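Protein sequence lines, in the order shown, are assigned to chains S and A.
The numbering used here numbers the first residue of the first sequence as 1 and each following residue consecutively.
The numbering used here numbers the first residue of the second sequence as 254 and each following residue consecutively.
What the hints contain is simulated information worked out from the structure, not anything from laboratory work.
Any given hint might turn out to be false.
To be verified - Facing chain A, a subset of chain S residues (Cβ under 8 Å, in silico):
no. : residue
1   : Thr75
2   : Ala103
3   : Asn111
4   : Ala169
5   : Gly170
6   : Gln200
What the hints assert, rightly or not - Only pairs whose alpha carbons sit at most 25 Å apart, straight line, appear in this in silico DMTMM-like list of lysine to aspartate or glutamate:
no. : chain 1 : residue 1 : chain 2 : residue 2
7   : A       : Lys459    : S       : Glu152
8   : S       : Lys10     : S       : Glu152
9   : S       : Lys67     : A       : Asp1020
10  : A       : Lys454    : S       : Asp158
11  : A       : Lys360    : A       : Glu878
12  : A       : Lys1161   : A       : Asp1020
Predicted model only: the values in this text are computed from it and were never measured.
Every residue, glycine too, gets a C-beta built ideally from N, C-alpha and C.
Letter by letter, the chains look like this.
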Amino acid sequence: MTALPQTTEKKLGLVIDLDICVGCHACVVNCKEWNTSNYGAPLSDIDPYGAEPMGTFLNRVHSYEVKSEGCNAQTVHFPKSCLHCDDAPCVTVCPTGASYKRAEDGIVLVNEDNCIGCGLCAWACPYGARELDQMEGVMKKCTLCVDRIYNENIPEIDRLPACVRTCPAGARHFGDFADPDSNVSRLSAERGGMELMPEQGTKPVNRYLPPRPKSDVTAENKIDLLAPYLAPMDEADSAKGFLGWLDKALEKI
Amino acid sequence: MPPYDQPALDTSPEVSDEIRKTTCYMCACRCGINVHMKNGKVKYIEGNRDHPVNRGVLCAKGSAGIMQHYAPSRLKAPMKRVGERGSGEFEEISWDEALDIAVSWLKPLREQSPEKMAFFTGRDQSQSMTGWWAQAYGTPNHAAHGGFCSVNMAAAGIYTMGGSFWEFGAPDWERTRLFMLFGVAEDHDSNPIKIGLSKLKETGAKIIGVNPIRSGYNAIADEWVGITPGTDGLFVLALIHELLKAGKVDLDYLIRYTNAPFLVIEDANSPENGLFLRDENDKPLVLDRATGKPVAFDTPGIKPDLAGSYRHGGATHRPVFQLLAEKYLSDEHTPEAVAEQCGVPAEQIRRIAAELAHVAFEEEIVIERPWTDWKGEKHERMIGRPVSFHAMRGISAHSNGFQTCRALHILQILLGSVEVPGGFRFKPPYPKPATAHPKPHAGYAPGQPLDGPHLGYPQGPEDLLLDENGNAKRIDKAFTWETPLSAHGLMHMVISNAHAGTPYKIDTLFMYMANMSWNSSMNTSKVIEMLKDKDENGEYVIPRIIYSDAYSSEMVAFADLILPDTTYLERHDCISMFDRPICEAEAMADSIRWPVVEPDRDVRPFQSVLIDIGYRLGLPGMVNEDGSPTFKDYADYIQMHERRPGVGPLAGFRGPDGKGEGRGEPNPNQIEAYKANGSFWIGHIPEEAQFFKPWNAAYQDWAVARGLYDKPQPYVFQLYVEPMQKFRLAAEGHGDHQPPEHLREQVRSTMDPLPIWWPPVEETIVDTKEFPYHALTQRPMAMYHSWGTQNAWLRQIHGANPLFVSGEICDEHGFTDGDWARVSSAHGSITVPVSRMDALNGKTMWTWNAIGKRSGAWALKEDASEATRGFLLNHIIHELLPPKGDGMRWTNSDPITGQAAWFDLRVKIENVGKKPDGISLPHTPPETSPVGVGPDTLEYGKDFS
Chain S
1 MTALPQTTEK KLGLVIDLDI CVGCHACVVN CKEWNTSNYG APLSDIDPYG
51 AEPMGTFLNR VHSYEVKSEG CNAQTVHFPK SCLHCDDAPC VTVCPTGASY
101 KRAEDGIVLV NEDNCIGCGL CAWACPYGAR ELDQMEGVMK KCTLCVDRIY
151 NENIPEIDRL PACVRTCPAG ARHFGDFADP DSNVSRLSAE RGGMELMPEQ
201 GTKPVNRYLP PRPKSDVTAE NKIDLLAPYL APMDEADSAK GFLGWLDKAL
251 EKI
Chain A
254 MPPYDQPALD TSPEVSDEIR KTTCYMCACR CGINVHMKNG KVKYIEGNRD
304 HPVNRGVLCA KGSAGIMQHY APSRLKAPMK RVGERGSGEF EEISWDEALD
354 IAVSWLKPLR EQSPEKMAFF TGRDQSQSMT GWWAQAYGTP NHAAHGGFCS
404 VNMAAAGIYT MGGSFWEFGA PDWERTRLFM LFGVAEDHDS NPIKIGLSKL
454 KETGAKIIGV NPIRSGYNAI ADEWVGITPG TDGLFVLALI HELLKAGKVD
504 LDYLIRYTNA PFLVIEDANS PENGLFLRDE NDKPLVLDRA TGKPVAFDTP
554 GIKPDLAGSY RHGGATHRPV FQLLAEKYLS DEHTPEAVAE QCGVPAEQIR
604 RIAAELAHVA FEEEIVIERP WTDWKGEKHE RMIGRPVSFH AMRGISAHSN
654 GFQTCRALHI LQILLGSVEV PGGFRFKPPY PKPATAHPKP HAGYAPGQPL
704 DGPHLGYPQG PEDLLLDENG NAKRIDKAFT WETPLSAHGL MHMVISNAHA
754 GTPYKIDTLF MYMANMSWNS SMNTSKVIEM LKDKDENGEY VIPRIIYSDA
804 YSSEMVAFAD LILPDTTYLE RHDCISMFDR PICEAEAMAD SIRWPVVEPD
854 RDVRPFQSVL IDIGYRLGLP GMVNEDGSPT FKDYADYIQM HERRPGVGPL
904 AGFRGPDGKG EGRGEPNPNQ IEAYKANGSF WIGHIPEEAQ FFKPWNAAYQ
954 DWAVARGLYD KPQPYVFQLY VEPMQKFRLA AEGHGDHQPP EHLREQVRST
1004 MDPLPIWWPP VEETIVDTKE FPYHALTQRP MAMYHSWGTQ NAWLRQIHGA
1054 NPLFVSGEIC DEHGFTDGDW ARVSSAHGSI TVPVSRMDAL NGKTMWTWNA
1104 IGKRSGAWAL KEDASEATRG FLLNHIIHEL LPPKGDGMRW TNSDPITGQA
1154 AWFDLRVKIE NVGKKPDGIS LPHTPPETSP VGVGPDTLEY GKDFS
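Bound conformation, chain S alone:
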């Protein structure tokens, strides 16, 4: 077992907006690209050109269909990476102290020098957010790009996790949840940011913004609020019908 810090000064994490995520995988690949040549061991790919390629990714997008009574089926794209939990079971389960949560910002990291690749943390994580790299034999996980967000070799505007920096739809936001006035705290408050599986008691830091309701018309859902607006032009007004209306309308121009 490894201890968690009593408190963390900041709670850095992500807000992921499921109302705007189009499922494009930009975050997935840019994350792979950054992290394979930065913090720790590379993210390897086994059989990359063969039958069942299997690589290490720190972030993946899953797509689900949502079906409910009276509505058309919907597609929801769901990006998933480490949620940097306050009560991170992946840390407390670690037998070597390799898994740890940073006191200053709450980022959960793996110190690869101490990782023995036992995989206990991956078993402990209820979100499936850790992947054991098959070639390096060490546990890999989202670092919140700890090597970008403070990096003085990177322009200040770009000191963001790679996934946030690259997201074309603006569906990912990075900030400090310990600060109630931060962008992420406000977004989460305004839009009903959700914890993932709160019943697990892990106190995840990341929040998901739920998709807004859809206004599809289905057999059960026949909203017609604007129908009066599209009433036919008043033909009674003119014996000439459409041309009469047209003539009058042109006079007004």
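Fit chain A to the known structure of chain S by using the hints.
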């Protein structure tokens, strides 16, 4: 228990040695990228924040560029075929030998019959250069891939309003309040649409997605219209019906900026029936409400009438708008009449029409910005209608696609929402009407250049490319009565026509970056046979094939000579104003690529090779008087070529001081200037010129000053396309240019100058009871065409393509997890894995495009998922329609433009249960990989740590 103990961490590691800024080519989007270099290798690619296209973001494809650049499938050296075609057996040769072979084939051909060389390019971003080369060579047989992509969209837009979506224009994302997206679930264009959708979510604008498939962009739309494939035109015309019925159209806009008031000759017996009534200067006439008299449409100070009519020469002539209203107010266009066919409830159609009207007219935008129109009238403000649209292949790749795209443009125009605040706006060099484009040319002679540009916009039957016997002049039969307005050519017909020897045989087929033996052709298995077919003398029916590609694509194995191209990070390119550049609605912009990495193989950039071959052939414009080459390479051409005096491929940094915008002498330091500026140039349009561009005097003057054109060319939108009526008159027997009898009815019925809808042609021939379902493809956001499928990272996202089958069909046929299906069209069958999807039109199934691969291609292992489970729908789509019993075989294309009707496909499905071998059918036998096979493992980035 280890105590809480935190290791020291370097949070400011060096990222890279250098950042090189260039342009992405992982799809057609052309985003700006920062390529981070470390130890001479590419370490990381990110979006360029300053770039107008992507503003810093980058999609999955762009981020996977490293895997593309270092892919094991890269060709390594020129090759000549040593085995049979299709075997993949090649011998590497030197460039000298390769160029000697190419010249030994092309030179005598040019001197005897240049038309026997057919030069077609695929996803070519250098079309203004490859077209120029083909013109100099003198063959009439040149085009790029538009004919099998989206020519319906492009041509309908240009004929109607001087531009279309995507590269031609974009919604005013900042101001629009209601956005409708048609026929695009995932792709074109990539990052700008995602950035735009994000903006709409931020401003609270409503998004309506019209698509049979609710994935990607449609998944986040506020409202989904799960329309039945091929019925978009019907749906749009019903919206128009509702708007007209309620009088919710922008009459002021229509009389000012469109041909709505043009008087149409209505005299059934006249050879000019349906043409515009014109004055002695050939100007169309409108009725002036003030005087009731007909006057030239562009007379300043008049108030054109829409409601009146004009009695002249024994006939009554009415304005276009009355013909339009009469047509679309008819009962066949009511929501009730189309609801079932469209698969969209009538009340939803009606409500969407109401929302369009409400937003356009009740949420009007006013920008207090004075401007002056083309007639000199001053306007105090700019009035906007904040509804906008975007559409792509989903609606255009049907045999009714041209008229459907026209209908959509007409809807936009009736709402007064084009080139106004909040609406859809053009990007320079658009707006540019059909009349400002060239006409097509095919005048060839031995040893001579062609008599003009290959492609263009016919204005009447006299512009068709037919010989004195009425035969097609082009191998693809573009610009014939069969497909009169085939503005992008018909690349998808080239191989089958060349194989059949109609209209004539060709000798050498020269192609670039087009996977025509695989995912870019219909009827793939048969096309492979055609490429391999031999005549009675044992010679190939298509005698010679030269192919250039950077990768070992499926097409490589069928070529005789391979000219290996570089990757996109190893080459110069220009995204030129002559093509469709990277402009914004408020700016003119173009960009370059440059070799941020030097090739480590014996490969050369294709365009430089083309210039070299041109020099060796002595082509005009490529050899100096002293016999020396005019251009050293493509980079030299990009900087020094002038199309007109002072106007060249790149618009920025022209002239000796590098300050010229659009115009200026060639600047030998131009590419360096682009590099220093992030590989792009941008020139902003002044505020008063940013809207109403076709009619805005300030815009017209600004565009002329920058060489977009040489004199102001204001024009009005063509609700009614008069050139189409000219074709129809010919079909009715008028004029010297007459269609052959068997095409008379087709031309008469399809070339309606006001959009009409007809059912997708395939379903009028096949028994729709036997083939009750629709089958489609779409491109995933993380994969594009065939370029990326072998990419080690992206294939972990899209390495196989199940057939997604609607819940309704699954229930009917008892499909459960792991079942396979035999899907049959009138043409053939495939056996493929099934995946259930409920967020899908009930009568539809679909799969990802171009994921299926031939075993042995792309340096994949033989058992790669793309080559086992993966499949192409192409096998069951024929380039010809099933026989109709008239003794003819009609092409599976739009009868107006020839666009490949990929999405007309009708199928039936059978549940074949489990398939233990896991191999989809048909299974093409493996080829020998000319580049070997990729490695067993990858640890990219290990070198950098």
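Hints that the structure is at odds with (numbers, increasing): 6, 7 and 9
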